[in-house]
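Colleague: Here is what each chain is made of, one letter per residue.
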Amino acid sequence: MQVSPTEEWNSVTADLAARIDQQLSFYAGARVTLDVGSRPVRKDELGSVKALLERRGLALWAVMSESATTLDSAQAMDLRTSQPKSAAPIQSTDMSAPSSQEDGTPGTLVKRTLRSGRSVKSPGHVIILGDVNAGAEVIAGGDVFIWGRLRGSVHAGANGDPGAVVCALDMTPTQLRIAGQIAISPTDKRHKPKPEMAVIRNNRIVVETWE
Amino acid sequence: MGAKVVTITSGKGGVGKTTTTANVGVALAKDGQKVVLIDADIGLRNLDLVMGLEKYIVYDLVDVVEGRAKLRQAMIKHRQFPELYLIPAAQTRDKTAVSPADMIQLTDQLRSDFDYILIDSPAGIERGFRNAVAPADEVLIVTNPEVSAVRDADRIIGLLEANHKEPGQLIINRLKPEAVRRKEMLSPEEITDILGIKIIGIVPEDENVVPSSNTGVPVTLMEQSRAGQAFRNIARRLMGEKVPFMSLDDASGGLFKRISRLFGGG
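As given, the protein sequences belong to chains A and B, one line each in that order.
Residues in the first sequence are numbered consecutively from 0, following numbering that gives the first Met the number 0.
Residues in the second sequence are numbered consecutively from 0, following numbering that gives the first Met the number 0.
Keep in mind that the hints were calculated from the coordinates and are not lab data.
A quick note: this is a predicted structure, and the numbers were derived from the prediction, not measured.
Where a beta carbon is used, it is the ideal one built from N, C-alpha and C, also for glycine.
All the pointers check out, no bait thrown in.
Cut-off 16 Å, straight-line C-alpha distance, at most; resulting in silico cross-link-like pairs (EDC-like, lysine to aspartate or glutamate):
hint: 1; chain 1: A; residue 1: 191; chain 2: B; residue 2: 189
hint: 2; chain 1: B; residue 1: 164; chain 2: B; residue 2: 136
hint: 3; chain 1: B; residue 1: 197; chain 2: B; residue 2: 137
hint: 4; chain 1: A; residue 1: 191; chain 2: B; residue 2: 192
hint: 5; chain 1: B; residue 1: 175; chain 2: B; residue 2: 189
hint: 6; chain 1: A; residue 1: 193; chain 2: A; residue 2: 169
hint: 7; chain 1: A; residue 1: 110; chain 2: B; residue 2: 160
hint: 8; chain 1: B; residue 1: 33; chain 2: B; residue 2: 112
hint: 9; chain 1: B; residue 1: 33; chain 2: B; residue 2: 114
Derived Cβ-Cβ restraints for the label pairs, each shown as a range:
hint: 10; chain 1: A; residue 1: 9; chain 2: B; residue 2: 162; range: 24 to 30 Å
hint: 11; chain 1: A; residue 1: 68; chain 2: B; residue 2: 65; range: 47 to 53 Å
hint: 12; chain 1: B; residue 1: 93; chain 2: A; residue 2: 186; range: 37 to 43 Å
hint: 13; chain 1: B; residue 1: 206; chain 2: A; residue 2: 18; range: 52 to 58 Å
hint: 14; chain 1: A; residue 1: 104; chain 2: B; residue 2: 177; range: 49 to 55 Å
Just chain A, same shape as in the assembly (with noise of 0.2 Å):
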């Protein structure tokens, strides 16, 4: 959720309040980035808006912002942070040798089976510890890791990136999507779980058997 970066904090506050109290259902339960532009934000300011969010439900779980005191803050309790892409830091080049790091690619993780009617979307790759089950939807522009039964629709690379993949423990989607292509599973399956990965090949979506 973005909030003001110039206006007064108690005036922010109760905006967002009243925003979640609006659509009280929807955002039951979520987690919460909240993203406060370069607004040098102190511990307390963000003590009261995680209060403000617990008592609804909502966890704040990150904080996003160019502000080097808000970081600070958020990261002193506990809370992720991250600078909007265009402000990030350059990273120093004069590095002598190849950096043993792996970066990897941002992604995100559920850890719980996800029941009909819920939803996950992510701009990165998706890992669900769990189930996704009939009548839930994981939207990635990434990849999508189900450590679980699929049974419930997934679209991979839903920016369009045909390279992205989907893999699951048991692979029955109601309706499988990487970027274009759509695949739907044969209605008769009578078959034994086993851990399989979607791909696009020749313009169509296979499922191969995960190894």
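For chain A, the structure is supplied; the task is to place chain B on it using the hints.
Modeller: Below, chain B alone, put in the same frame as chain A:
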């Protein structure tokens, strides 16, 4: 510590919430418990009919919430069980006449005088459902052995989890063992495989249920009714008794033996 508030809900309509509320309530009262049933289905009230109490209604839930009646005035005493009461829903209003906070306040007033408060939830996932589950200590989710009812039960469990409530216990209503055997109906194993919650009761299809609802005498009171027996067992399990699952399937044996394993070897 007072009464336990148990909400009976389902998501999908017509799966047997009201029948379950009436029968479990009567079974608890028959076992000597002090019980209040609350019909939270404002605008589509039914529980009074199934209980045979419609003609005694003077005040209803909305009258109490809006201060036109005292709580005791809206509580209808059952003719056969003096420790069993019903608070009927209003017929002429809608769900917005009551808030989740009203329901919590109402049940808090009742807790000290009763052992069980059963709330019959309306179908759906909107205001009426939220009213019904707000005060719940325990939620019983009624489903039928069919894909659409199980899908809605899954949605309900997800909403309970999102609201930091316990995921609840499951009642599978209207099971036909022979249809399960022919693979025309989902088996209890297939249902728990999807929903991943504990079963508190399996109620077999029973032709006595509809006539009993029509006459206002819950099947729980019919000793020979198999559905009645299943509801009595659910009531005893609610009270913390370990009741083995009844063998409903004498001809083939297999099915209900396997089911008993789902309850940890009942």
